[in-house]
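Enquirer: Numbering of the sequence shown is given in my numbering, commencing with residue 1 and proceeding in unit increments.
Hints were generated in silico from the structure; no laboratory data involved.
Computed cross-link-like contacts, DSBU-like style, restricted to lysine-lysine with a CA-CA straight-line distance of at most 30 Å:
hint, residue 1, residue 2
1, 149, 122
2, 33, 3
3, 51, 219
4, 72, 188
5, 70, 33
6, 93, 70
7, 122, 61
Derived Cβ-Cβ restraints for the label pairs, each shown as a range:
hint, residue 1, residue 2, range
8, 294, 60, 40 to 50 Å
9, 97, 257, 48 to 58 Å
10, 164, 46, 38 to 48 Å
11, 148, 282, 36 to 46 Å
The structure displayed is predicted, hence computed values, not measured ones. For every residue, glycine included, the Cβ atom is placed at its ideal position computed from N, Cα and C.
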Amino acid sequence: MSKEIELKMVVLPAVIESALPELLERLGAKAIKETWLVNTYFDTPEMSLNKSRVALRVRQKDGLFIQTLKTKGNSVAGLHRRGEWEWVVPENKLDAALLVGGVWPSEISTDDLIPFFETNFKRTSAIIECAGTKIELAVDCGYINAGEKQVPLSEVELEIIEGDAGRLFEVAEIIAEIMPVMPSDVSKAEQGYRLGQEVFGSEFLSSLNCMGDYRVYVKELVARNLTRWLYLFDRARQGCSEAILREMRDRLIVLRELLSTQGSIDLSVVFEGVALFDIVLGQVDRLIGVAVHGCAGRIEVYEQLLSLNEMGVLAIKVGRWLNDN
Numbered sequence: 001m002s003k004e005i006e007l008k009m010v011v012l013p014a015v016i017e018s019a020l021p022e023l024l025e026r027l028g029a030k031a032i033k034e035t036w037l038v039n040t041y042f043d044t045p046e047m048s049l050n051k052s053r054v055a056l057r058v059r060q061k062d063g064l065f066i067q068t069l070k071t072k073g074n075s076v077a078g079l080h081r082r083g084e085w086e087w088v089v090p091e092n093k094l095d096a097a098l099l100v101g102g103v104w105p106s107e108i109s110t111d112d113l114i115p116f117f118e119t120n121f122k123r124t125s126a127i128i129e130c131a132g133t134k135i136e137l138a139v140d141c142g143y144i145n146a147g148e149k150q151v152p153l154s155e156v157e158l159e160i161i162e163g164d165a166g167r168l169f170e171v172a173e174i175i176a177e178i179m180p181v182m183p184s185d186v187s188k189a190e191q192g193y194r195l196g197q198e199v200f201g202s203e204f205l206s207s208l209n210c211m212g213d214y215r216v217y218v219k220e221l222v223a224r225n226l227t228r229w230l231y232l233f234d235r236a237r238q239g240c241s242e243a244i245l246r247e248m249r250d251r252l253i254v255l256r257e258l259l260s261t262q263g264s265i266d267l268s269v270v271f272e273g274v275a276l277f278d279i280v281l282g283q284v285d286r287l288i289g290v291a292v293h294g295c296a297g298r299i300e301v302y303e304q305l306l307s308l309n310e311m312g313v314l315a316i317k318v319g320r321w322l323n324d325n
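Let the hints inform the model, and build the full structure from the sequences given.
Expert: What follows is the structure, given as C-alpha cells:
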C-alpha cells in the first residue's frame, strides 16, 4: 500500500493545448512523455463502492493492465490524500482474488462488480523538482464515458514522489501564473459517477465544535468555506447560475474576513493585500451581471469563470496557507 498525495486542478482544454510548451519549460520538466490511458471503473449496480468512498479500476498503460484500489481519504483545496493499492493483471479484467481481505469492504461481494464507466485520456507526464522535493506532473486531456454519455476531461495533477507536500502549492502557483487553473476536490471517479448517475459530492456542513483553540476554529472555518467555494465552482461546470455565483461571492467574503482576523498573516505578502480578494470579487460580480441579463449560456459563464487567472491564484494561496498553518 502506498499513500497518494496529489494536488488536482481543472483547466479548459484549449488552454492546455496552447500553454503546455511554456508550462513544461517554466517548470524545468524532465523525463517528459505522452501516454494514452484507458481506464475502466467497476462498482455494483447499487454503487456500493461509491457509497463506501472506494474506487476500483483497471488501467491499460504501455501494454500493461494495472488494477488499482483507492480508499477514502480527505481533500482540502484540491490536495488529495488517500490509500492506494496496485497490481499488474494479465488482461483487461478484474482479478477479484486480489481484493479479498485487507481494506476491501467485507459487505460488498466481488461477484456483483460490473464495468461502470470509463475515463480515457492522453497524459503528458514529467518529473519536476522544487526545493528538494520530487514531483510528478500529469496533464490529462480526454473524455469520461458512461453509456452513451460523454464529457471532456481536462486536468493538471501534481503528485508527490518524495519530499514535502507543501511544495505542491508552490508549483501550483507557478502554473496559475502561466494559465488559468482552479483547484478541484473532485476525482475522476467522482466525475464518472456523476455522468452515469447524476450524483454530486457532499453538501457543505456548517456545524463545528467551537470549544478549544480559537486559531484552530478559524482555520477549520477557512477550510470549510474554501471547500464550499470549490464545490460551488464544480457545480458551475454543470451550468453556472446566478444563485451559484452569488453564494460563491458570499463564501469569498467570509474567507476574506476570516483571514483578516489572523494576526500572523501579512496580507500584503500572502494575498497581495485585500487587492486579490477584491479583484476576484469584482470578477464574480461581473459574471453575476452576465447571468442576470442572459448575456451568455450557463456553460459559457462557467468557461469565463475558469478563464480568470486571479480566481485560481487566490484558491491556491488559501490552500497553501491552510497547509502551512
